[in-house]
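Going down the list, the protein sequences come from chains A and B. Here the first sequence stands for residues 1 to 253, numbered as in our numbering. Here the second sequence stands for residues 254 to 348, numbered as in our numbering.
Note that these hints are calculated values from the structure, not bench results. Predicted model only: the values in this text are computed from it and were never measured. Check each hint, because a few of them may be wrong.
Unchecked claim - Quick list of simulated restraints, FRET-style, between CB atoms:
1. A:Pro30 with B:Glu335: 45 to 51 Å
2. B:Leu319 with A:Lys246: 23 to 29 Å
3. B:His258 with A:Ser87: 39 to 45 Å
4. B:Thr301 with A:Ser206: 43 to 49 Å
5. B:Thr270 with A:Arg201: 24 to 30 Å
What the hints assert, rightly or not - Derived list of chain A stretches under chain B, where covered just means 3 residues or more per stretch with a C-beta under 8 Å from a C-beta of chain B:
6. 42 to 54
7. 69 to 76
8. 90 to 104
9. 123 to 136
Every residue gets a Cβ at the ideal spot worked out from N, C-alpha and C, and that includes glycine.
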Amino acid sequence: MTNLTSSVSDYQTQLLQDIFGVENTASIEPRALQIYQDNVLLTAARSLSLTYPVLDKMIGSDALLVLSRRLLKTELPDSGDWADWGSQLHSLLEQSELRSEYPYLQDIARLEWLVSQASRSPATPFVAESLSQLEQPDLSQVFMQLSPSLSLLESEYPVLPMWQAHQNLAKGQELPGSALAAIAEMGRQNNYCVVVQTPVRPDIHSLDAAEFQWLRGITAGLSVSALLDTYPGVDFVKWLSIAIEKHWLLRFC
Amino acid sequence: MNRKHAIAAAALAVALTTLAAPAQAGGKEKCYGIAAAGQNDCGNLAGTHSCAGQSTVDKDPGEWKLVAKGTCETMGGMLKAEAKKRYNESKAGKS
Numbered sequence: 001m002t003n004l005t006s007s008v009s010d011y012q013t014q015l016l017q018d019i020f021g022v023e024n025t026a027s028i029e030p031r032a033l034q035i036y037q038d039n040v041l042l043t044a045a046r047s048l049s050l051t052y053p054v055l056d057k058m059i060g061s062d063a064l065l066v067l068s069r070r071l072l073k074t075e076l077p078d079s080g081d082w083a084d085w086g087s088q089l090h091s092l093l094e095q096s097e098l099r100s101e102y103p104y105l106q107d108i109a110r111l112e113w114l115v116s117q118a119s120r121s122p123a124t125p126f127v128a129e130s131l132s133q134l135e136q137p138d139l140s141q142v143f144m145q146l147s148p149s150l151s152l153l154e155s156e157y158p159v160l161p162m163w164q165a166h167q168n169l170a171k172g173q174e175l176p177g178s179a180l181a182a183i184a185e186m187g188r189q190n191n192y193c194v195v196v197q198t199p200v201r202p203d204i205h206s207l208d209a210a211e212f213q214w215l216r217g218i219t220a221g222l223s224v225s226a227l228l229d230t231y232p233g234v235d236f237v238k239w240l241s242i243a244i245e246k247h248w249l250l251r252f253c
Numbered sequence: 254m255n256r257k258h259a260i261a262a263a264a265l266a267v268a269l270t271t272l273a274a275p276a277q278a279g280g281k282e283k284c285y286g287i288a289a290a291g292q293n294d295c296g297n298l299a300g301t302h303s304c305a306g307q308s309t310v311d312k313d314p315g316e317w318k319l320v321a322k323g324t325c326e327t328m329g330g331m332l333k334a335e336a337k338k339r340y341n342e343s344k345a346g347k348s
């Protein structure tokens with residue numbers, strides 16, 4: 001093993017690199033090294049099953065174990081917290097043999113990662129005092145800042161209904177193929193959703209195209225004036241009320 | 254008042270009626286009883302391990318994770334004082 005670093009997370013990373021980097025070394029009994037590697041692999045698979053519970057139900061624990069092994073080859077934990085690991089699972093799925101038969105899995109993974117990240121973020125209440133910005137004479141100088149935990153997802157597949165259909169299934173229980181096929185048929189078009197942390201748990205909400213583009217416009221830094229010009233189909237009065245209630249909006253600035 | 258200012262004024266009026274924004278203190282705190290197995294942040298109350306990622310049971314009341322201050326109880330967890338009290342009670346009950 002190499003020199004220890006001062007931080008525990010650095011030490012963990014170094015340990016994992018050593019466990020997977022050391023091969024055919026006379027100083028380590030191969031059987032002992034195998035035990036360490038298997039232990040890390042099972043921990044990794046367990047971690048992925050927690051971060052991606054719906055994906056786990058959809059593909060099963062054996063497939064998840066295979067994906068864990070592949071992911072460890074490209075991405076090792078580096079923060080000291082296994083919950084931070086696995087962000088690139090969607091890329092792995094995109095390149096995997098599962099893609100041809102289940103092309104929506106990568107977007108299910110992207111959604112679950114966003115939900116996982118939101119669940120680990122603080123809920124941020126709307127800054128009520130900032131509403132006074134709406135009284136400014138020049139709305140081209142008034143901007144909106146969304147919650148730091150908010151993420152947007154666009155998919156060709158109805159990933160949100162698929163994800164929701166799996167929420168009440170017990171581990172090991174499968175959604176009937178016909179039910180999944182029926183959901184998949186629902187939306188071979190663009191599907192949009194927003195994920196955000198609330199004081200209770202992450203909230204995932206379906207959006208229409210106009211709402212999605214509006215939120216994209218905010219993240220792109222468009223002013224209130226520009227948003228109203230660019231997306232006339234969005235009812236700002238109604239949207240603002242929903243955005244505050246659903247913790248999407250942090251403040252006007 | 255132009256169209257955009259009329260919309261902004263209406264939005265302001267509606268937003269004021271829907272507001273209920275509790276203050277939230279910054280920082281983090283240890284939250285017991287919420288960590289999934291293998292995702293605890295450090296040693297547990299029982300002292301049976303001293304490392305992150307070594308819990309073996311989901312939502313073990315003796316295991317903790319760091320969370321944003323003020324969010325622990327809303328996630329169904331306990332702060333250290335309560336967790337310790339419950340741990341001591343369960344220990345006394347067993348002996």
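Item checked: Coverage claim, chain B over the region 90 to 104 of chain A, checked by counting residues with Cβ within 8 Å (three needed) -> violated (count 0)
Check: Are there three or more residues in the region 123 to 136 of chain A whose C-beta lies within less than 8 Å of some C-beta in chain B?
Finding: It holds: at least three residues are needed, and the region 123 to 136 of chain A offers 9 whose Cβ sits within less than 8 Å of chain B.
Check: Is 24 to 30 Å right for how far apart the beta carbons of Thr270 (chain B) and Arg201 (chain A) are?
Finding: holds, 26 Å
Notebook entry, point to check: Has the hinted range 43 to 49 Å been met by the Cβ atoms of Thr301 (chain B) and Ser206 (chain A)?
Noted result: holds, 44 Å
Next item on the list: Confirm or reject the coverage of the region 69 to 76 of chain A by chain B under the rule of 3 or more residues with a beta carbon closer than 8 Å to the chain's beta carbons.
Entry: violated (count 0)
Note to self: Please check whether His258 (chain B) and Ser87 (chain A) have a Cβ separation lying inside 39 to 45 Å.
What the structure shows: holds, 43 Å
Item checked: Distance restraint hint 23 to 29 Å, applied to the beta-carbon atoms of Leu319 (chain B) and Lys246 (chain A) -> holds, 26 Å
Check: Does the Cβ-Cβ separation between Pro30 (chain A) and Glu335 (chain B) fall within 45 to 51 Å?
Finding: holds, 48 Å
Next item on the list: Establish whether the coverage given for the region 42 to 54 of chain A by chain B is satisfied; the threshold is a Cβ-Cβ distance below 8 Å, and no fewer than three residues must meet it.
Entry: holds (count 4)
Consistency note: the structure conflicts with the earlier hints numbered 7, 8.
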